[in-house]
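These are the residues of each chain, in order.
There are 2 protein chains.
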Amino acid sequence: MRVSVAIDRRPEIADPEGTTILRALKELGFGEVASVRMDRVIHLEVDGDDPDEVKRRVEEMCKQLLANPVLEDFVVTVDP
Amino acid sequence: MRVSVAIDRRPEIADPEGTTILRALKELGFGEVASVRMDRVIHLEVDGDDPDEVKRRVEEMCKQLLANPVLEDFVVTVDP
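In the order they appear, the protein sequences are chains P and V. Numbered per our numbering, the first sequence spans residues 1 to 80. Numbered per our numbering, the second sequence spans residues 1 to 80.
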């Protein structure tokens with residue numbers, strides 16, 4: 001099964017990469033950009049038959065390795 | 001307007017970060033994972049009234065700065 005994990009920094013956590021991109025876009029003439037956040041998506045291919053069980057296992061992977069629970073929120077989506 | 005830009009490495013381009021995560025997951029006992037790809041999502045807040053024009057401008061930002069057209073594909077989505 002294909003699984004996507006969207007990992008976003010929490011809103012109150014600074015995003016230096018996004019801030020740098022915002023400044024660069026303005027210097028290139030894209031003055032209409034008000035904010036930029038850079039986040040991650042992890043695409044996994046996981047063996048399994050039960051979407052609920054696959055989702056539960058991937059959430060466990062997030063807690064143990066993929067995400068930093070202090071700084072980041074994650075959303076696991078099992079593709080149909 | 002909120003705009004999301006999904007930037008994925010082309011399938012034929014190696015993803016060392018994904019490969020490292022795959023190995024670590026297997027060592028942690030998640031043997032059911034067959035592949036891992038790590039990609040980026042950029043969330044922008046852009047001033048504008050016309051979704052088509054906003055999308056066109058963000059695609060221009062991708063070509064000039066956000067994406068590497070040799071290694072990456074991008075998809076721009078203007079949130080409703």
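In short, the hints are calculated from the structure, not lab data. Do not rely on the hints blindly, as some may be mistaken.
One copy or two, it doesn't matter: identical chains are merged, so the pair holds either way.
Here are the simulated lysine to any residue pairs, SDA-like style, with alpha carbons at most 20 Å apart [as the list claims (entries may be wrong)]:
1. LYS26 - PRO80
2. LYS26 - ILE13
3. LYS63 - ASP39
4. LYS26 - GLU59
5. LYS26 - ASP73
6. LYS26 - GLU12
7. LYS55 - PRO11
8. LYS55 - ILE7
9. LYS55 - ILE13
10. LYS55 - ASP15
11. LYS63 - SER4
12. LYS55 - ALA14
13. LYS63 - GLU53
14. LYS26 - ARG10
15. LYS55 - GLU12
16. LYS55 - PRO16
17. LYS55 - PHE74
Exercise for review: May I ask which of the numbered hints given earlier this structure violates, with the numbers listed in increasing order?
Suggested key: 1, 2, 5, 6, 7, 9, 10, 12, 14, 15, 16
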